[in-house]
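J.: Sequence:
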Amino acid sequence: MRAFCCLILLISVLSCSQKSTKEIDNKKKYFSRVTERISIHRKDANTLNAKGDIENEEKQYDSIRNLIKGAYVNDYTFYDIDSNEYSLKNREKPILLLATASWCKPCISEIPALNKISKEYSDKIDIVLLFWDESNKLKKIVSRYDKNIVLIPSTKEAKNGYELNISGFSHILGFPTRYLVNKNKKIINYYTGGYVPYAKFTNQNGEETFFTEEEVFIKNYSKLKEEVNELLSPHS
3 MRAFCCLILL
13 ISVLSCSQKS
23 TKEIDNKKKY
33 FSRVTERISI
43 HRKDANTLNA
53 KGDIENEEKQ
63 YDSIRNLIKG
73 AYVNDYTFYD
83 IDSNEYSLKN
93 REKPILLLAT
103 ASWCKPCISE
113 IPALNKISKE
123 YSDKIDIVLL
133 FWDESNKLKK
143 IVSRYDKNIV
153 LIPSTKEAKN
163 GYELNISGFS
173 HILGFPTRYL
183 VNKNKKIINY
193 YTGGYVPYAK
203 FTNQNGEETF
213 FTEEEVFIKN
223 YSKLKEEVNE
233 LLSPHS
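Under our numbering, residues 3 to 238 are what the sequence shown spells out, in order.
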């Protein structure tokens, strides 16, 4: 009788524990559950931009930021350029997760800075690149990346030039985008855009100018270093 009671108690404890874990899991905000809402806000932002309503466009992007920050990524399993498995499950290091494309000029321009970051921080973080391109389109640029950077090709290229979907991870914010994913698989922040050498722009004085390759490297490296330090912050 005593053994039977102990068994009942053990089952009850296990049941409560499983229920508690499930409840905690349900309370978490998962990135996969907010992508549709992100898509709606992005479309609204584009509509407002076309109308010249910059103030309300910014509000849409604020909503997107609020949806992404604090969201958790699932235990996705990716396959790199050599078909090796890369699973997010049980990863011990934070991840700098980049959405990129071979035809994206800012993405290509940041490779030298990204390689330097990889050499300096590969023992502390994983750098994972999710490509819009399929593997056969990446052969020409693979050798340009540091060996510690994980390159994940798409199994199917998206119809448009601002999204990708790999193993269920859906990205719709254009390229390049960098997600800062901490050890608990929580997105603590994300950043978009980059610098391109010799791309003309108008500065604050109304003068047309551009950045040299060296200036672009310095700016990209500084930007990436700040993001990595944010990712490695004790409060992340």
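Where hints are given, some of them may not hold.
Stated by the list, open to error - The calculated lysine to any residue pairs, modelled on SDA-like cross-linking and capped at a C-alpha distance of 25 Å, are:
1. Lys71 / Arg39
2. Lys188 / Lys161
3. Lys31 / Glu209
4. Lys71 / Thr214
5. Lys188 / Arg146
6. Lys29 / Ser238
7. Lys187 / Tyr74
8. Lys118 / Lys158
9. Lys71 / Asn86
10. Lys139 / Asn48
11. Lys149 / Lys161
12. Lys30 / Ile174
13. Lys158 / Arg35
14. Lys188 / Ser235
15. Lys141 / Ala160
16. Lys118 / Arg35
17. Lys107 / His237
18. Lys29 / Trp105
19. Lys149 / Lys71
20. Lys30 / Lys225
21. Lys95 / Thr214
22. Lys139 / Lys188
23. Lys141 / Lys187
24. Lys30 / Ser238
25. Lys121 / Arg146
26. Lys142 / Tyr74
27. Lys161 / Lys30
28. Lys126 / Leu234
29. Lys29 / Lys118
30. Lys29 / Tyr81
31. Lys71 / Tyr200
32. Lys118 / Trp105
33. Lys30 / Lys121
34. Lys149 / His237
35. Lys225 / Lys158
To be verified - If you anchor each label on the Cβ, the simulated ranges turn out as follows:
36. Asn205 / Glu87: 23 to 33 Å
37. Lys30 / Glu209: 42 to 52 Å
38. Asp148 / Asn207: 29 to 39 Å
39. Glu122 / Thr49: 33 to 43 Å
For the record, the hints were derived by calculation from the structure and aren't laboratory data. C-beta: ideal position from N, C-alpha, C; glycine also.
J.: Now, for every hint given, state plainly whether the structure supports it.
T.: Checked hints:
1. Lys71 / Arg39: Holds: Lys71 and Arg39 sit about 14 Å apart, inside 25 Å.
2. Lys188 / Lys161: 29 Å, violated
3. Lys31 / Glu209: Since the Cα atoms of Lys31 and Glu209 sit roughly 45 Å apart, the hinted pair is violated (cutoff 25 Å).
4. Lys71 / Thr214: Cα-Cα ~33 Å, so violated.
5. Lys188 / Arg146: 29 Å, violated
6. Lys29 / Ser238: 19 Å, holds
7. Lys187 / Tyr74: Between Lys187 and Tyr74 the Cα gap is close to 6 Å, so the pair holds against 25 Å.
8. Lys118 / Lys158: Violated. Lys118 to Lys158 sits at ~30 Å, over the 25 Å cutoff.
9. Lys71 / Asn86: With a Cα-Cα distance of about 29 Å, the restraint between Lys71 and Asn86 is violated, given a limit of 25 Å.
10. Lys139 / Asn48: Status violated; Cα separation ~29 Å.
11. Lys149 / Lys161: Between Lys149 and Lys161 the Cα gap is close to 30 Å, so the pair fails against 25 Å, i.e. violated.
12. Lys30 / Ile174: 21 Å, holds
13. Lys158 / Arg35: The given pair, whose Cα atoms are some 22 Å apart, holds under the 25 Å limit.
14. Lys188 / Ser235: Judged against 25 Å, a Cα distance of about 13 Å means the pair holds.
15. Lys141 / Ala160: 19 Å, holds
16. Lys118 / Arg35: Given that 25 Å is the threshold and the Cα spacing comes to 34 Å, the pair is violated.
17. Lys107 / His237: 33 Å, violated
18. Lys29 / Trp105: 39 Å, violated
19. Lys149 / Lys71: Violated, at roughly 29 Å.
20. Lys30 / Lys225: 30 Å, violated
21. Lys95 / Thr214: With a Cα-Cα distance of about 34 Å, the restraint between Lys95 and Thr214 is violated, given a limit of 25 Å.
22. Lys139 / Lys188: 31 Å, violated
23. Lys141 / Lys187: Not satisfied, since the Cα-Cα distance of roughly 30 Å exceeds 25 Å.
24. Lys30 / Ser238: Status holds; Cα separation ~16 Å.
25. Lys121 / Arg146: Answer holds: Lys121 to Arg146 is near 14 Å, not above 25 Å.
26. Lys142 / Tyr74: With a Cα-Cα distance of about 33 Å, the restraint between Lys142 and Tyr74 is violated, given a limit of 25 Å.
27. Lys161 / Lys30: 31 Å, violated
28. Lys126 / Leu234: Distance of about 8 Å is within 25 Å: holds.
29. Lys29 / Lys118: 38 Å, violated
30. Lys29 / Tyr81: 30 Å, violated
31. Lys71 / Tyr200: Status violated; Cα separation ~33 Å.
32. Lys118 / Trp105: 22 Å, holds
33. Lys30 / Lys121: With a Cα-Cα distance of about 34 Å, the restraint between Lys30 and Lys121 is violated, given a limit of 25 Å.
34. Lys149 / His237: 29 Å, violated
35. Lys225 / Lys158: Distance ~31 Å between Lys225 and Lys158 Cα, so the pair is violated.
36. Asn205 / Glu87: 23 to 33 Å: At roughly 47 Å between Cβ atoms, Glu87 and Asn205 fall outside 23 to 33 Å, so the hint is violated.
37. Lys30 / Glu209: 42 to 52 Å: 49 Å, holds
38. Asp148 / Asn207: 29 to 39 Å: About 38 Å separates the Cβ atoms of Asp148 and Asn207, which means 29 to 39 Å holds.
39. Glu122 / Thr49: 33 to 43 Å: 42 Å, holds
Of the numbered hints given earlier, the model fails hints 2, 3, 4, 5, 8, 9, 10, 11, 16, 17, 18, 19, 20, 21, 22, 23, 26, 27, 29, 30, 31, 33, 34, 35, 36; all others are met.
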